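Chains A and B are the protein sequences, given in the same order.
At position 264 of the first sequence (counting the first as 1) the number is 264 in UniProt numbering, and the numbers step up by one without a gap.
At position 90 of the second sequence (counting the first as 1) the number is 90 in UniProt numbering, and the numbers step up by one without a gap.
Honestly, the hints are just simulated from the structure, not real lab data.
No experiment lies behind these values; they were computed from the predicted model shown.
Where hints are given, some of them may not hold.
Copies of the same chain are indistinguishable here, so a pair counts whether it falls within one copy or spans any two.
[Unchecked claim] Listed next, the in silico DSS-like pairs over lysine-lysine satisfying Cα-Cα at most 27 Å (straight line):
{"no.": "1", "residue 1": "Lys299", "residue 2": "Lys111"}
{"no.": "2", "residue 1": "Lys54", "residue 2": "Lys85"}
{"no.": "3", "residue 1": "Lys299", "residue 2": "Lys244"}
{"no.": "4", "residue 1": "Lys158", "residue 2": "Lys299"}
{"no.": "5", "residue 1": "Lys187", "residue 2": "Lys299"}
{"no.": "6", "residue 1": "Lys85", "residue 2": "Lys187"}
{"no.": "7", "residue 1": "Lys299", "residue 2": "Lys54"}
{"no.": "8", "residue 1": "Lys43", "residue 2": "Lys111"}
{"no.": "9", "residue 1": "Lys43", "residue 2": "Lys158"}
{"no.": "10", "residue 1": "Lys111", "residue 2": "Lys85"}
{"no.": "11", "residue 1": "Lys54", "residue 2": "Lys43"}
2 protein chains.
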Amino acid sequence: MARPASVRIVEVGPRDGLQNEPGIVPLDAKVALIDALADAGLKMIEAGSFVSPKWVPQMADTAEVLGAINRRAGVRYTVLAPNLKGLELALACGIEEVAVFTAASEAFTSKNINCTIAESLERFTPLIDLARARGVAVRGYVSCALGCPYQGEVPVAKVVEVSEALTAMGCYEVSVSDTIGVGTPDKAQAVTSAVAERIGLERTAIHFHDTYGQALANVLACLDIGVASVDSAVAGLGGCPYAKGASGNLATEDLVYMLNGLGIETGVDLDRLAAAGRAITAALGRTPASKVAQALAAKCA
Amino acid sequence: MARPASVRIVEVGPRDGLQNEPGIVPLDAKVALIDALADAGLKMIEAGSFVSPKWVPQMADTAEVLGAINRRAGVRYTVLAPNLKGLELALACGIEEVAVFTAASEAFTSKNINCTIAESLERFTPLIDLARARGVAVRGYVSCALGCPYQGEVPVAKVVEVSEALTAMGCYEVSVSDTIGVGTPDKAQAVTSAVAERIGLERTAIHFHDTYGQALANVLACLDIGVASVDSAVAGLGGCPYAKGASGNLATEDLVYMLNGLGIETGVDLDRLAAAGRAITAALGRTPASKVAQALAAKCA
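So that you can see chain A by itself, here it is in the shape it has in the complex:
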C-alpha cells in the first residue's frame, strides 16, 4: 500500500487537549484558538465535549464556544458526545458531526466509563441512530488500542472487534487510539493494519499520544500502509491523565512539519498553526509542547 498523497488532520487540541490541561481556559481564548486553527487551514476541528461538567469542568462551556466561533465553510466542527443527551445538546448547536468514545480494554471501560465494552457500545445505539436520522456523521474512538494503563496488553482481535462494531453501528471512521502512548512503530502499524483490513483503510484513522516520544514514528509507520486520517493537537495540548507530568497528544506542528517534508499535502499553514499554539499556551501560562514551535520561536529570538 502506497503512502497517501494527502492527509486529513483531525485537530483535537480544543477538546482532547484542553480537557486534559490542569487549567481552565476562558471562553474567549477557546474561541480564538478554534478560529485560528480554521484560519491555519485545518478542516476538521474537535471543538468541545458534551460530557458532565462535574467530571470535565474544562468542557463546561462547549455550547457557548460553539455559539461564538466563526464557522468557516469547508471546516467541520465536531464534539464528543458520550450519550443521547450529549448528542441532543450538539444538535441544538447545529453540529454536523459527533464523536463517541469507547475502548478495547475491559479494565479501562470499567474504570473510565463504569461499564463493559459491550454496554458502552449499546449506549451508543440510540445516539448513532438519532445522529444518522438527522444527517449527523459519527466518528468512533477505540482507546487503549496499543495498551491499557490498567490491564497492560490489549489483544489485537479486541481492537478489531470493537472497531468493526462501531463501523457496523454507523461510524464513518474509527480512530485507533494509543491513549497512553506506549506503542512503537511495528505494533502501531500491525494493529492499525488489522483494523483497516476489516473496516477498510478509508474508515481507519490514528490517534497516537506522545507519552513515550513514539507518536511521530508510529504515524510514519501507518502512513506506509496508506492511513490518511491522523489526529493531533496544536502545541501538544493535553497531558496524560494516567501519568501526571507526562506528555500527551502528538503536536500538530510536528506532524505537519513531517508531512511537509514527505511531500504529503495537509492544507495547513505551519506558521499560522504555530502562532495559534503560542497563543493558547500563553493563555495556559506555558510554552508549546511542540519541538517545531520551540525551534521556530528560538529562530525568531
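Knowing the structure of chain A, use the given hints to seat chain B on it.
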C-alpha cells in the same frame, strides 16, 4: 535491505550533550554519568573533547574525567579531537578511539571552524595517520548532512563526497549528522542511503538532532535500510547552538524504547539509563528532555 537485528548506540551525552548545555557540570557528576552509562549497558561512550577550553569551557576537564572514570572492559570510551594536539592529549589518556568533525557545508565550516571543507580534511591527515600508527580508531562526523544553519540546503553529493574522503583517510565509520535537526524521514533515508552505497552500510552511522521533533522518525526510516549504528544522548542532553531554547540531541531513552518495541537488541537497560539521565539533569538543575524519562518518572510519582 532488512532492519538490523541489533543496533550499536553511540552515547554522545557526555560530549555533544554537555558541551551544548549552558551550565558547567562538576567533574564528579561527569564521572558518575559516564560510569552510570556503562553500567546501563552502553558500549560506546563519547566521554569528552580535547578542544580549546577557551571555546568550549564545558570540556576543559576531559583529561581529568578520563583519569577518574572506571573503565569497563568491553566499553569503548572516545573523545573528539579537532587536531593533532587533541589527539596527543587523547593518546596520553590511553584512549582507543577519537572522533573528528567536519561538515558538508562550506558556509558551516567557514563560520564554525574557520576553513574550507577541504582544509578541514587536510588538517585531519596527520591526526588520522598518527592515530592509525598507534592503533587508535577514528570516527568521522559529517555535520549539516540534512541542512545548514547558514546556507540552508546541502547537496547530497557533497555529503557523499565528504563521507568518502573521511573513509579514504582511514575513518572506520562516518556519522551522517543532522546538526540542526531539520531533516524528515524520506530525506534522512535518501542521504544516508547515498552515503552507505558509497562507503558501505557497515561504515555508516546516523546522528540526528531532535530540534524539530523528527529524530526518532528519521532513525526509523534509516533502520529500514539497515543502518545499525545510531548516536543519541541520555536525557536529550544538549540544546541547539544555532537556535537557543530549541531541543538538541535525540534522547537515548526514547531511542532504546523504540528499539525495544521493534525487537532490535541494544544491550541497554532502560531503567538504569533513565536513572543516569535523571542524575545528570539534576546536576544541571532541570528535568530530562526525554519523554520516556518523563513518563517513567510520572509513573513513579
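Hint-by-hint comparison with the structure:
no.: 1; hint: Lys299 / Lys111; in the structure: between (45 Å within a copy, 18 Å between copies)
no.: 2; hint: Lys54 / Lys85; in the structure: within (15 Å within a copy, 69 Å between copies)
no.: 3; hint: Lys299 / Lys244; in the structure: between (31 Å within a copy, 8 Å between copies)
no.: 4; hint: Lys158 / Lys299; in the structure: between (46 Å within a copy, 26 Å between copies)
no.: 5; hint: Lys187 / Lys299; in the structure: between (36 Å within a copy, 22 Å between copies)
no.: 6; hint: Lys85 / Lys187; in the structure: neither (36 Å within a copy, 49 Å between copies)
no.: 7; hint: Lys299 / Lys54; in the structure: between (42 Å within a copy, 26 Å between copies)
no.: 8; hint: Lys43 / Lys111; in the structure: neither (33 Å within a copy, 43 Å between copies)
no.: 9; hint: Lys43 / Lys158; in the structure: neither (31 Å within a copy, 40 Å between copies)
no.: 10; hint: Lys111 / Lys85; in the structure: within (22 Å within a copy, 64 Å between copies)
no.: 11; hint: Lys54 / Lys43; in the structure: neither (30 Å within a copy, 53 Å between copies)
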